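Here is how the chains run, residue by residue.
There are 2 protein chains.
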Amino acid sequence: MSQRVNATEPSKLRIVSLGGVDEIGKNMTVFEYEDDIVVVDCGSIFPKEDMLGVDLVIPDVSYLVAKKKNVRGYLFTHGHEDHIGATPYILRQVPAPLYGTKLTLALVDLKMKEHRVPNITMHVVQPRDEIQLGKFTCKFIHVSHSIAGACAIALTCPAGTVVVSGDFKVDYTPIDGQVTDLQTLASLGEKGVMALLCESTNVERPGQTMSEMKIGPTFENLFRDAKGRVIVAMFASNIHRMQMVIDNGIRYGRRVCFIGRSMVNVSRVAMQIGELHIPEDCLIDVDSLDQYPDEEILVMTTGSQGEPMAGLTRMAYAEHRKLQIRQSDMVLISATPIPGNEKFISRVINQLYRCGAQVVYEALAEVHVSGHACQEELKLMHALVQPKYFIPVHGEYRMLWQHAELAESMGMNRKNIVIPEIGQVIEMTENSLSLGEQVPTGGVLVDGLGIGDVGNVVLRDRKHLSQDGLIIVAMAIDRDQGVLVSGPDIISRGFIYVRENEDIIESMREVVRGILRESSLDGADWVALKNRIKDDLHRYIYEKIKRNPMILPIILDV
Amino acid sequence: MSQRVNATEPSKLRIVSLGGVDEIGKNMTVFEYEDDIVVVDCGSIFPKEDMLGVDLVIPDVSYLVAKKKNVRGYLFTHGHEDHIGATPYILRQVPAPLYGTKLTLALVDLKMKEHRVPNITMHVVQPRDEIQLGKFTCKFIHVSHSIAGACAIALTCPAGTVVVSGDFKVDYTPIDGQVTDLQTLASLGEKGVMALLCESTNVERPGQTMSEMKIGPTFENLFRDAKGRVIVAMFASNIHRMQMVIDNGIRYGRRVCFIGRSMVNVSRVAMQIGELHIPEDCLIDVDSLDQYPDEEILVMTTGSQGEPMAGLTRMAYAEHRKLQIRQSDMVLISATPIPGNEKFISRVINQLYRCGAQVVYEALAEVHVSGHACQEELKLMHALVQPKYFIPVHGEYRMLWQHAELAESMGMNRKNIVIPEIGQVIEMTENSLSLGEQVPTGGVLVDGLGIGDVGNVVLRDRKHLSQDGLIIVAMAIDRDQGVLVSGPDIISRGFIYVRENEDIIESMREVVRGILRESSLDGADWVALKNRIKDDLHRYIYEKIKRNPMILPIILDV
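Quick mapping for you: the protein sequence lines, in order, are chains X and S.
Heads up: take any position in the first sequence, counting from 1, add 9, and you land on the numbering used here.
Heads up: take any position in the second sequence, counting from 1, add 9, and you land on the numbering used here.
Keep in mind the hints are simulated off the structure, nothing from the lab.
Note that the structure is predicted; figures quoted are calculated from it, not measured.
Backbone N, C-alpha and C define an ideal beta-carbon position, used for all residues, glycine too.
Some hints here could point you the wrong way.
[To be verified] Ranges of calculated distance between the beta carbons of each label pair, as one might list FRET restraints:
id, chain 1, residue 1, chain 2, residue 2, range
1, X, Ser379, S, Tyr181, 32 to 38 Å
2, S, Ser529, X, Arg335, 52 to 58 Å
3, S, Leu373, X, Ser441, 33 to 39 Å
[What the hints assert, rightly or not] Here are the simulated lysine-lysine pairs, DSBU-like style, with alpha carbons at most 30 Å apart:
id, chain 1, residue 1, chain 2, residue 2
4, S, Lys120, X, Lys352
5, S, Lys21, X, Lys472
6, S, Lys472, X, Lys57
Go ahead and model the full structure; you've got the sequences and the hints to work with.
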């Protein structure tokens, strides 16, 4: 094909994932057509287990910072953390108007207020609304997911139309009665879609995800039989499930008490915007819990992932000021552990049993369904949208690969599929698909108020310190006289229980004294002296006890 | 009931779990009748994620140390780490003869040699053998499990008979043709069993565990279709599965190469003792792999849990000296992640996909079955043994509780069920069941060569250091003159990327200088001075950046 651009041929659409590919989290995709950029989602991800002390990881948006003036807006598919969690950090760097459904923007707004980010314009959209952002026409398309107000988004520019699935499932009997908008997806497919970016979370699972409706009877049965208080732990953002649980509770004569910061905040916001409906007289405050008999109480709380500071965990360990689990309680955990959280939630369940409560969780009853499309639903999405090109997103590498195979099995040419790499620009028109440049990207670590000031060196030190602790060798040397005037003192932390091991500390001091006796201290090269102390002590300790603490020699000049 | 002991009434049997209850791991149960003690199993457990830098956790056996002379022997149900892993540490403290089947003792022997534990007598037993240890008659009973040579054990003393299930499943079509010895269990039940200690790993799962035979066809199909090398990652100790995989490999013209320390060691031992059969000419060494065409190669390797140093992981990341994964390879991971390992194995699978290999794992095909009894098999065990008392073991608290409920659902009186606590003595005769004293117990942490020298204080420091790192404030003071003669120097590790944040380091130094200016340094109380530095700096850093590093003031006297 000729590289010369035909005068009537449109420019290329450029797509680059700043996160969310080869990982589940920090979803953020940039769409760029000539001078116009729109960004879909702006999520965060939990730190990996080797990112010690890090609170949160957000996308590196240097690319957007450099093209700040072109950014026309942020579009949000839905309000989960992996789609909105980075907003307070990134909107400060690259401000632009935000577009999303009512609940999504309400959740973003909570974050903005908490982080005191000023002057961000937010536009609430309805499904099927079309927004014009530069040369992009952006259409929101209702989908079912484990949060209300979830949407796919279709972006049309002169190069063609791209459909971004967002997170979705095809639930034919959703709690709110609104099935994923198959009609709009079908009509886009009929008109012609250039590319589909589709989520891959459940691509390893055959069949169809169970309907959210399916777990209703489980809750109904449990509420009918419950004698004491009922305590339900779940994600606050799953408003539809929350509504279903609360409706069941009210039907069986209970009042609702919200506990846990995000449960309190999200339920308040959801009621304000009319997404959650609870009669005023059915709401009770945690402080008035004691005024009601047990069988009239329904507590909705956080902690379904066993998070140490969340409501359920604190209740189980008797660390909650207002509510402690007792024998007559029934605790329902309506969630599945996010990979890596299995041990935490398992610990909380054990503790709840120890309190004597009746505990119902996923292994024992149908109290949770996934919010993501399984294989047959993914196939439906492909069949409706009939894209020319396919880019699997929102998954680890193996999932993206398997999603590519799924598309191929439906007849798509492998040449029209791109497994995206983070930061790799993909360029397309209806007639061409190619890879562009690699833009700077990656994870930016948030630790306390610091953003990006913790990197590999700092993490390596934290890791080292965490494994075998630290030994400080401190001394003062009069360099002019060449004499040791104080020390060597040995201070250790996290290395060994010192009180019962004074001999090993003393023998380490002796090793250092030996080195000092052999070294000339006047005008000496202290870098070399420090290295010798490090090396000899390291070797001595490793031979003696097979540990490798960090060794820090400190020499003060006097 | 009268406390006076009838002259003809036997003494009480005392049972105490030194591990393996309220946890999955470090199984170790003490049976004590008058002056005779026998110990069943001696396992280790992985450190919890907050036990930073710890290699292994073993049971605290102070109770046995105090009664050393009464210990008649150790009986092993099977050779998994959670049943034999503590032997090299504990046999040094409380030596006694060991009893177990051929493979079990061969695996124990590997450990003893590695740790150079001298002079331990080992007696190989056959299933149905009876051993007399003091007043205990100990009978080994064949059971199916995910390792060869697994046994339940019946202990008979004048007080009655106790059956310890060990880890088991009831596989009616096991690879070796030897079904769990239902006859012996039934005949014990017929004669009368005082108590059953039964494992609870899969008590949350309804139904029956799939037969090991079920996965044979999966492997056969994969081997038939494989074009390049086949690499199988699994636990080395699952000799029967290993045999099945290798037989399939050989049938389709492949030769076997073992890679990974435990794979090499265990397969060698298993062949020596006749548990694993491979024709001599079908074995190839890793160094001669290049001499064979890809389609003739079967590699058996470690790393099925994604362990960073294991064979498969190193192959995937091109860190293995002899073998790297390439596009034509088929990799079979025949295992399920142990809770907590999900992320590690997931990362390795992604990397294998990135290498272009075909990867088959549990989510995609039937390449693994559990080794533990599900609910229906547990019920069969209860129905065969018909115990008077029941003690659920080998499970987290919720599992023990659910196992107690399972027994109750079969008609057992709740009064005859004890959910054991670690270290809590349970005393019984045919006519009485009661709790005795609590003996000292818990986890002893092994870190390098140190056993028990890492405790809560050390772990707390490691945790603290791992989260926000460390700041050292070093200075030298002439106490007589009351003057600062060197410093304050600020040294940080794991706190912040210093080169780009010199201003915060300098401002910290200024905080310390301020304190020193305000303090009288002659004959000053340095504890107070250090505390002031710690407190003020802590407050300053937290306000500035919301982090909480460990702060270590060091003052050298000159």
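The hints, checked one at a time:
Distance hint for Ser379/X and Tyr181/S: a CB-CB separation of about 34 Å, consistent with the stated range 32 to 38 Å. In this structure the hint that Ser529/S and Arg335/X lie 52 to 58 Å apart at CB holds, the actual value being about 56 Å. Between Leu373/S and Ser441/X the Cβ separation comes to about 34 Å, which falls inside the hinted range of 33 to 39 Å. This hinted pair checks out: Lys120/S and Lys352/X have alpha carbons roughly 29 Å apart, not beyond 30 Å.
Taken as a hint, the Lys21/S and Lys472/X pair is broken in the structure, with Cα atoms around 51 Å apart against an allowance of 30 Å. Of the pairs offered as hints, the one joining Lys472/S and Lys57/X holds, with about 16 Å between alpha carbons and a cut-off of 30 Å not exceeded.
Consistency with the previously given hints fails for number 5 only.
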